[in-house]
Amino acid sequence: MTDLMKGSYETELVLSEKVSPSSFLLTLSKPDRFIDAMPGQFVSIKIGSGTSPLLRRPYSIMDITKNSIVLLVRVVGKGSALLASRRKGDLIEIIGPLGGSHFELKNGLNAVFVAGGTGLVPLVFAARKWTKEKKPGETHLLYGAAGSDEILADLCMGDFTEVHIATIDGSRGFNGNVVEMFQDLSERGVLPEGELFSCGPVGMVKALLDSNPASFADHHTSLEAVMACGVGACRGCVVPLKSKNGIKYRSICGDGTVFRAKDIDWKRWGK
Amino acid sequence: MRNKNFYIGNTIFKNPVFLASGPAGYGIEYRGLINLEKLGAVVTKTISLMPKEGNPGTRLQETEAGLLNSVGLENVGARCFFEDKLPELLNAGAKPVVSLACEGKEEYLSLLEITSKQKKVEAVELNLSCPNVEEGGMAVGTDPKLLRWYITKAKLILGNITVLAKLTPNVENISSLAVVSERAGADGITAINTLLGMDINLESGGPVFDRVVAGLSGPAIMPVALRVVWEIAQVVRIPVIGVGGISSVEDSAKFFAAGAAAVQIGTAIFYDPGLPERIVDSLEV
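Chains as they are written, first to last, in the numbering used here: chain A, 1 to 271; chain B, 1 to 285.
For the record, the hints were derived by calculation from the structure and aren't laboratory data. None of the values given here were measured: they were computed from a predicted structure. Where is the CB? At the ideal position from N, CA and C, for every residue including glycine. Don't take every hint at face value.
Said to hold, decoys possible - Heads up, incomplete: computed chain B residues facing chain A, CB under 10 Å, no partners named:
| no. | residue |
| --- | --- |
| 1 | Tyr26 |
| 2 | Tyr30 |
| 3 | Thr58 |
| 4 | Glu62 |
| 5 | Pro219 |
| 6 | Pro223 |
| 7 | Val224 |
Using the sequences and the hints, build the whole thing.
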């Protein structure tokens, strides 16, 4: 990847579908010059024409087709609410693809994906892309949500060999959190050996790492952050990595969004 | 104001639209989004003698029409900057102005020595908002004696290199500090750096930032910056470079009208990276 590939584009909102009480699937027209993105990369969106909110908002890419870029927006504040209120035909300014690292899988390996909430997005992109490229063996998605009305995994049931759902309130699937389900499935031998990929709340990813999944060659995670520049320039969104001599910060937008989970200094991250 | 070659000190600039120090990093990160060649200059992120990891904890907090930051001068250090980053910035066709940290006196003198040996450096901007680590941590640019010392040393050691003094607005009378800067030999004054602010996290009840205070930038600070540029332009003869919240072509026109010889664009590139080039276009004859 070279950073010369990113660009600033005006796209058209082709479709905005409400897919859960708080989430919207946005389909944007893909500009001709927008190069193919990789799973874990993102676009930054200019939310309004004024100065409130001031900053663009970063959204992980869920899919790229010949003519479209697909994103998932969960309404969590002013910016996302404004974005969710945009209508078909509206013009939306994006910069992308952004991010200096992405999910990778060696040919033939199995991929186990663990997601919480909208953390699903880059994992769906990875599964779709790799399946198209005939890379993985089996692909398993483990998805956790608070209750059954926020299960975004229904958007992508066909994209994985198997989808396993956990809800905290027990209203659907496994009764518990997604990491408890991961341990349960591992113990019962349901999950294949391979590589682990995660995206979700800090607590989820840390618990997953602590659960010590020995049968997995590696565990990479895509991190979320409040960002300003989106290109690794301003050093506003950084994650501390473990280092022998002092602290080592890496920018989530420029060096990430994907990091090896065990490289992250969890004592300093997400406290 | 028109796009034409003009001098600040010994340095010739092709137009009066610069990228401000900080938001644009080393400039090269913005390739593909900003045509660096088209701008008058790119002021780099502040460089210190040794690499700096920057501040722990939250570093950004959006406010109404503004942005608080507590990045803590994270940078790769002088050696890596001059060996790796500067050549790339020059390759991109940019005219660099290197922002230098004004830290402890010994480190600062070493940084000036190293900088003076760089054949490709034509201009520097002194970041006088750096804390005075030797005496209490106030910004060095708040004390007239220290201000004079830092600028005098830069002029002495850097020889023909143009020296801009970037002043902190967190003082009682910035105009008198601008006069001190001019007398100390500064070739130009850059105003303003960020205003001090803070935010509270209502869940924890404590400050958002580990260091409590942070620097406020963005449209919210523009009226302050404009007032300061106006005041300084009345009392110095050297060029004043206006920076602070410029978000439109009209904003830049206001700074020129207030007496700025050039403008710098900072926070606005986060949401509108096309703005600096539009300002250049607006100045075409």
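Going down the list of hints, with the structure as the test:
no. : hint   : in the structure
1   : Tyr26  : holds (7 Å)
2   : Tyr30  : holds (6 Å)
3   : Thr58  : holds (8 Å)
4   : Glu62  : holds (6 Å)
5   : Pro219 : holds (5 Å)
6   : Pro223 : violated (13 Å)
7   : Val224 : violated (16 Å)
Comparing the model with each earlier hint shows violations of hints 6 and 7; every other hint is respected.
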